[in-house]
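Asker: Now for the letters of each chain:
Number of protein chains: 2
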Amino acid sequence: MKKHNFYAGPSILPEFTKEKTAEAILNFAGTELSVMEISHRSKEFVAVMEEARQLIRELLDVPEGYTVLFLQGGASLQFLMAPMNLLKTKAAYLNTGVWASKALKEAKTFVGEVVEVASSKDKNFNYIPKNFVVPADVDFLHYTSNNTIYGTEILKDPEVPVPLVCDMSSDILSRPVDVSKYDLIYAGAQKNLGPSGATVVIVKNAALGKVNRPIPTMLNYQTHIDNDSMFNTPATVPVFGCLQTLRWLKELGGVSAIEKKNKEKAELLYAEIDRNKMFASTVPDPADRSRMNVTFVMNPEYAELEAPFGAFAKARGLLGLAGHRSVGGFRASLYNALPLESVQALVETMKAFEKEN
Amino acid sequence: MKKHNFYAGPSILPEFTKEKTAEAILNFAGTELSVMEISHRSKEFVAVMEEARQLIRELLDVPEGYTVLFLQGGASLQFLMAPMNLLKTKAAYLNTGVWASKALKEAKTFVGEVVEVASSKDKNFNYIPKNFVVPADVDFLHYTSNNTIYGTEILKDPEVPVPLVCDMSSDILSRPVDVSKYDLIYAGAQKNLGPSGATVVIVKNAALGKVNRPIPTMLNYQTHIDNDSMFNTPATVPVFGCLQTLRWLKELGGVSAIEKKNKEKAELLYAEIDRNKMFASTVPDPADRSRMNVTFVMNPEYAELEAPFGAFAKARGLLGLAGHRSVGGFRASLYNALPLESVQALVETMKAFEKEN
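So the sequence lines, in the order shown, correspond to chains A and B. Be aware that the first sequence starts at 37, since it is given in our numbering, and climbs by one per residue. Be aware that the second sequence starts at 37, since it is given in our numbering, and climbs by one per residue.
Since the hints were derived computationally from the structure, they do not count as laboratory data. All figures in this text were calculated on a predicted structure; none of them were measured in a lab. Among the hints, erroneous ones may be present.
Pairs count within a copy or across copies, as identical chains cannot be separated in the list.
[Claimed, not checked] Pairs of lysine-lysine, DSS-like flavour, derived with a Cα cap of 25 Å:
#, residue 1, residue 2
1, K138, K192
2, K387, K217
3, K144, K246
4, K38, K350
5, K56, K159
6, K38, K126
7, K141, K246
8, K296, K192
9, K391, K56
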């Protein structure tokens with residue numbers, strides 16, 4: 037039976053990424069050594085790092101004056117590094133979920149003054165706040181473009197009078213972004229890019245060097261810029277895996293092409309959720325619904341069928357559909373690498389379950 | 037032609053680690069999913085993390101009251117985290133090389149008062165300082181057990197009146213250690229353990245919580261202790277790779293067994309360096325010579341043969357022998373996974389080169 041991987045992260049990767057990585061674990065770039073056991077300073081690995089950085093530039097159309105880095109520590113370490121490097125006097129944060137709250141809290145507790153410009157906490161983060169005001173005197177607006185847990189997404193770069201800083205961990209490379217509006221974009225690799233352990237950072241060079249606080253060496257973006265992401269040993273296998281996915285995405289037509297596929301997948305699933313009397317989206321406003329993580333619950337009159345539907349789906353090879361404990365119900369993650377046929381399988385399963393009950 | 041991998045890190049790993057990792061990249065624990073694309077919270081991956089932590093406990097005989105963690109960021113991030121979490125008023129640092137200096141500098145610049153108890157910088161770090169005095173009022177003595185660049189190693193836990201903190205990146209698990217003397221041991225995985233991207237930390241629980249400074253969430257060991265190394269997504273493939281090496285090491289008889297092999301390999305190579313009129317060790321005192329990284333140069337009268345020897349060795353399949361630029365000459369890294377036959381091949385190459393010239 038074919039398995040369909042709906043995990044929220046680490047999550048499905050292209051077959052290409054898996055095949056190429058398995059090969060390189062045994063024999064990397066014809067060296068007869070594993071990619072795990074070759075110096076990061078070898079010409080073979082330096083080429084991997086450089087191509088991966090270059091492909092991110094190309095695929096996201098990163099302008100001159102920005103540097104692409106591969107770091108470690110995930111978005112959670114960026115919650116600290118971003119304000120340490122960029123917050124001069126005050127920063128604005130948009131609070132759209134647990135991860136956004138953590139980013140805000142880290143900046144406020146350990147770095148400097150923070151203004152929460154809006155929050156959707158009142159409704160368990162099931163919507164994206166609108167019409168909030170960003171003070172013109174803040175250094176940046178921080179936001180989380182996709183809220184993995186709650187199934188909401190900000191699909192357009194916010195129009196605000198200050199530079200943007202964004203955690204794009206769960207939707208990076210799923211659609212075009214106007215990088216020129218950002219001082220910083222960061223993302224853990226483990227959704228749309230590759231194995232966990234690599235963190236992508238896209239930083240505007242001119243935004244750095246303007247704070248007075250001392251920044252420890254490893255937390256200073258300039259350290260990593262000056263050393264081409266090789267200040268210390270990078271996570272070589274995760275970076276190698278990311279490169280394969282980036283090659284796959286380029287071959288496929290880049291972010292505009294994948295955006296079309298992602299739209300199609302999300303529309304298919306939301307249409308079934310809205311049609312099927314047993315299920316309901318947890319995000320009332322269709323404009324706020326995520327293309328990456330589709331969260332849904334049983335309608336109240338079918339509440340007792342939640343566990344049975346979970347078991348029914350699992351028996352049909354649909355994996356990773358359990359919702360996050362803070363939302364409940366189900367979550368189908370439709371990242372770049374998930375094929376349309378997996379969404380079709382889920383929709384058919386929902387229809388079949390409706391019929392049987 | 038067989039390749040012999042003498043890289044200083046990332047470096048040779050057991051065939052077992054490579055085979056098992058390549059398998060799991062395609063099909064992990066029978067899930068039909070890749071280890072790269074399964075949730076770190078899945079029962080299959082939680083089992084990997086738990087077994088890896090448990091095997092480190094077992095192999096290093098870690099006493100009760102210590103926690104083993106897998107973090108990210110390498111030793112370089114530990115240079116900051118160690119003093120942030122443990123330096124109350126003052127710390128002592130032993131300066132035996134570039135990495136030891138970096139650790140000292142990070143603590144001094146960003147954390148607190150530091151005493152350099154001794155340094156071997158006067159002779160380009162080609163020896164281990166002896167008879168230094170550690171003030172009894174410091175919180176800990178920080179040292180680097182093996183100096184990868186200079187080929188020196190501290191083979192016995194120092195006898196000092198304060199707890200030890202040690203960067204064991206390049207000799208962890210190569211021999212027994214008395215963990216009870218340490219408040220903290222840390223090591224990047226990429227020498228004796230697995231792929232880069234994982235950092236092992238062994239911390240004494242009772243040593244924590246005693247500093248007054250605020251510690252950012254990701255830099256606080258307690259965060260990771262409280263979350264079983266899963267506060268955020270760990271570097272899943274690197275941790276999986278480490279587990280395979282730990283299983284291999286246990287099967288082989290553990291650290292006492294590997295120490296015997298490591299001694300034999302190092303003695304064989306040092307004997308040839310001392311015997312062969314063309315070569316000289318860069319570490320005059322045999323007691324200071326590293327078992328992990330054997331550094332040697334051409335004797336002055338054969339200086340012009342350095343490049344030819346490099347080419348001669350490479351042509352015979354000996355890889356990664358170039359010395360670090362700050363020492364020059366050659367460096368043969370003899371980590372746990374390097375078989376005796378690779379050292380024999382190097383010794384035969386040195387003999388053959390002597391004969392030909």
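Asker: Now tell me if each hint is right for this structure.
Answerer: Hints versus structure:
Proximity of K138 to K192 under the C-alpha cut-off of 25 Å is restricted to the intra-copy arrangement: shortest distance 22 Å within a copy versus 43 Å between copies. Within a single copy, K387 and K217 get their C-alpha atoms no closer than 43 Å, and across copies no closer than 63 Å, so neither meets the 25 Å cut-off. Taking identical chains as interchangeable, the C-alpha atoms of K144 and K246 lie at most 25 Å apart whether they share a chain (19 Å) or sit on different chains (23 Å). Only within a single protomer do K38 and K350 lie at most 25 Å apart by alpha-carbon distance; the minimum there is 11 Å, versus 47 Å between protomers.
When the C-alpha separation of K56 and K159 is checked against a cutoff of 25 Å, the pair qualifies neither within a copy, at 44 Å, nor between copies, at 46 Å. For the identical chains of this complex, K38 and K126 are neighbours neither inside a copy (51 Å) nor across copies (60 Å), given an alpha-carbon limit of 25 Å. Proximity of K141 to K246 under the C-alpha cut-off of 25 Å is found in both arrangements, the shortest distances being 22 Å within a copy and 23 Å between copies. In this assembly of identical chains, K296 and K192 lie within 25 Å of each other by CA distance solely inside one copy; the values are 15 Å within and 62 Å between copies.
Taking the shortest Cα distances, K391 and K56 never come within 25 Å of each other, neither inside one copy (42 Å) nor across copies (44 Å).
This entry does not satisfy hints 2, 5, 6, 9, going by the numbered hints stated previously.
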